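Peer 1: Here are the chains, one letter per residue:
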Amino acid sequence: MSVPFLQASGLSKIFRHKTGLFAKPTNQLAVNAINLELAARERIGVVGESGSGKSTLGRLLLGLTEPTEGGVWFEGVNHKERQAQDWTAFRIRTALVQQNPLSALNPQMTIGQQIGEGLLVHHITGRAGARDRVASMLERVGLSSAMMNRYPHQMSGGQRQRVVIARALILEPKLVIFDEAVSALDVSVQAQVVALLRSLRQELELAYVFITHDLRIVRHLVDRVAVMYLGRIVETGDIRSVYEWPRHPYTRALLASVPSMDPTVRNIEPPIKGELDGSILSTGCTFRTRCPFALDRCVTETPGLRFVAGRQTACHRAEEFPQAIAKQGSLTRKDIAR
Amino acid sequence: MTAFILARLIRALAVLLFTVTLVFVVLRLSGDPAQQMLSDNAGPEALAAFNAKWGLDRSIPEQYLYYVANVLHGDFGVSFADGRDVFTVVSERIPKTLVVTISAFILSIVIGVPAGIIAAVRRESALDKGVMAAAVLGYSVPNFLLGLVFIFVFAVWLRVLPSSGSSTWNHAILPVATFALFNAAAVARFMRSTLIDVLAQPYIAAARADGIPHLEIVLRHALPNAAIPMVTTLGFVAGGLLGGSALIEPVFSWPGLGSGFVNATNTGDLPVVQAMIVLFTAFMVAINLIVDVLYAVLNPKIRKH
Numbered sequence: 001m002s003v004p005f006l007q008a009s010g011l012s013k014i015f016r017h018k019t020g021l022f023a024k025p026t027n028q029l030a031v032n033a034i035n036l037e038l039a040a041r042e043r044i045g046v047v048g049e050s051g052s053g054k055s056t057l058g059r060l061l062l063g064l065t066e067p068t069e070g071g072v073w074f075e076g077v078n079h080k081e082r083q084a085q086d087w088t089a090f091r092i093r094t095a096l097v098q099q100n101p102l103s104a105l106n107p108q109m110t111i112g113q114q115i116g117e118g119l120l121v122h123h124i125t126g127r128a129g130a131r132d133r134v135a136s137m138l139e140r141v142g143l144s145s146a147m148m149n150r151y152p153h154q155m156s157g158g159q160r161q162r163v164v165i166a167r168a169l170i171l172e173p174k175l176v177i178f179d180e181a182v183s184a185l186d187v188s189v190q191a192q193v194v195a196l197l198r199s200l201r202q203e204l205e206l207a208y209v210f211i212t213h214d215l216r217i218v219r220h221l222v223d224r225v226a227v228m229y230l231g232r233i234v235e236t237g238d239i240r241s242v243y244e245w246p247r248h249p250y251t252r253a254l255l256a257s258v259p260s261m262d263p264t265v266r267n268i269e270p271p272i273k274g275e276l277d278g279s280i281l282s283t284g285c286t287f288r289t290r291c292p293f294a295l296d297r298c299v300t301e302t303p304g305l306r307f308v309a310g311r312q313t314a315c316h317r318a319e320e321f322p323q324a325i326a327k328q329g330s331l332t333r334k335d336i337a338r
Numbered sequence: 001m002t003a004f005i006l007a008r009l010i011r012a013l014a015v016l017l018f019t020v021t022l023v024f025v026v027l028r029l030s031g032d033p034a035q036q037m038l039s040d041n042a043g044p045e046a047l048a049a050f051n052a053k054w055g056l057d058r059s060i061p062e063q064y065l066y067y068v069a070n071v072l073h074g075d076f077g078v079s080f081a082d083g084r085d086v087f088t089v090v091s092e093r094i095p096k097t098l099v100v101t102i103s104a105f106i107l108s109i110v111i112g113v114p115a116g117i118i119a120a121v122r123r124e125s126a127l128d129k130g131v132m133a134a135a136v137l138g139y140s141v142p143n144f145l146l147g148l149v150f151i152f153v154f155a156v157w158l159r160v161l162p163s164s165g166s167s168t169w170n171h172a173i174l175p176v177a178t179f180a181l182f183n184a185a186a187v188a189r190f191m192r193s194t195l196i197d198v199l200a201q202p203y204i205a206a207a208r209a210d211g212i213p214h215l216e217i218v219l220r221h222a223l224p225n226a227a228i229p230m231v232t233t234l235g236f237v238a239g240g241l242l243g244g245s246a247l248i249e250p251v252f253s254w255p256g257l258g259s260g261f262v263n264a265t266n267t268g269d270l271p272v273v274q275a276m277i278v279l280f281t282a283f284m285v286a287i288n289l290i291v292d293v294l295y296a297v298l299n300p301k302i303r304k305h
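Heads up: the sequence lines are chains A and B, in that order.
Mapping of the first sequence onto the working numbering: residues 1 to 338, in sequence order.
Mapping of the second sequence onto the working numbering: residues 1 to 305, in sequence order.
The hints are simulated quantities; they were obtained by calculation from the structure and are not laboratory data.
No experiment lies behind these values; they were computed from the predicted model shown.
Do not rely on the hints blindly, as some may be mistaken.
[As the list claims (entries may be wrong)] Partial selection, computed: residues in chain B whose CB lies under 10 Å from chain A:
1) I60
2) Y64
3) K301
[Claimed, not checked] Taking lysine-lysine and the DSS-like style, the derived pairs with C-alpha atoms no more than 30 Å apart in a straight line are:
4) B/K301 with A/K24
5) A/K18 with B/K129
6) A/K80 with A/K18
7) A/K80 with A/K174
Ideal Cβ placement from N, Cα and C applies to all residues, glycine included.
Here chain A stands alone, though its shape is the one from the complex (with noise of 0.2 Å):
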């Protein structure tokens, strides 16, 4: 059996939060119980809320966090086995894009040096070698060469996005983690960027992890998906099979909120209700507590992952849901079987 590129087994991060000095810490489990595998040259999108960990399960895959249980395993070797240079070649091999373009960037340096840093720290070019693999990188996310010598304050938004990308890429890394990489941009920016990242796809043999909340995203820009709730993947699987008949309720009600561009078309998916909750639910679905089609069974029994055709589902009734979330003309809730 060959060795996965990247794999997370029962990845879980509770946050210990201390409000006040003699004031009882609050756990937060942000990532609970994950498992997640990745072939090279894959490409994931993790969707959620904010405060759904998808964030933290990123910085997970990267070593940036330690877990409080599980593992990361990257082409087989567990985080928590690495030694000082091995982390140094797992950096080489990785890279993150982080959301706010502004504050990724060091305002203290230009960004040819801060795209070239990482070549020059690792020995794997000179000075001047490291100005022209910059140059030529510049160029390849859409910008001037010319513009290495400028500070990140001196650039447009979406300039500062290709900037990081072209610092993520200049090691020519195999795993590149992007954390809503382009939720900070205009639309239209967006756009621009989302069309460069899937040239690059073209280009680069690169597998990656694309966390965001934009579901219209993530559907031109993955093989695969997992929508997160509450720190568990409550359903994953190919892009298609689950975009065009969604098996859980909350990746049903993620999809009907994104709006259609037809005026007739009605969103027939009840809505849910109230905001991400966070206090730990010992048993049960943690859904439950929004979900319109919850059942006595939810609250008794956890639902976990299990194959519904053809994706993963963590949801005792994905059997029942209907293919469509939206139909032409006007529909009642009466529609959907409750």
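Guided by the hints, dock chain B onto chain A, whose structure is given.
Peer 2: Same frame as chain A, now just chain B:
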């Protein structure tokens, strides 16, 4: 950048002129100097003679113009107390104060900055907690009280250092130590919180994800960014040292500007007080100017425009 510095320079001069004016107005309002200087039973002739001698019998605008013109020449008049030239009286105290404040300033940076960096980098460790406990202690004890404690311990009890005066270098140790400890505590606390802020920035996470070694991250990414707010704080510290000299110097009978200012205020020596206030303001303005220039040098957002 030249325009930036020029603008700051003009602003500094405006502040100085404003202070000179304010000092003039406030001190004229604070009572009749003739009555303060002469005894209560001085006759009207004596008062008139005093006023004529010091030019206090002229109209207020005249006195103001006369005063500003003199200040520009470095002429602050003559001390009411001993008739000596104010410029001489004040300027012989300047080096005394500078010796203490500059040594204390350097010492508080040398102690405070590394302590703050270590505490921030080793956050939540025993070392961090120890440094911060010491800093809170140093910061919460008023510095004149700390001075009295030092006098008691080192001069009265151990008898290793002199308690007052300025005749030898040994005399400077206690005032400098008092000042430096208090300010090192402030510097360490601020250095720590600034660096912790910077280390939490996404570009630090990005550098970590790129495999940049920890030391390199601290030295190349974090510290240059922490330096900008630090310079502002160090400006405040320097200003606080000068202002604090009025508190510390009397404790050690250190004959600097601080104790001179306290004496002159107590005896109502108007010309000396005026000169001192203008001088303190000039120091503060100079410190601010240095901070502004350093800020521009350190911050590419200003440097590049």
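Peer 1: Now tell me if each hint is right for this structure.
Peer 2: Hints versus structure:
no., hint, result
1, I60, "51 Å, violated"
2, Y64, "46 Å, violated"
3, K301, "5 Å, holds"
4, B/K301 with A/K24, "44 Å, violated"
5, A/K18 with B/K129, "17 Å, holds"
6, A/K80 with A/K18, "27 Å, holds"
7, A/K80 with A/K174, "20 Å, holds"
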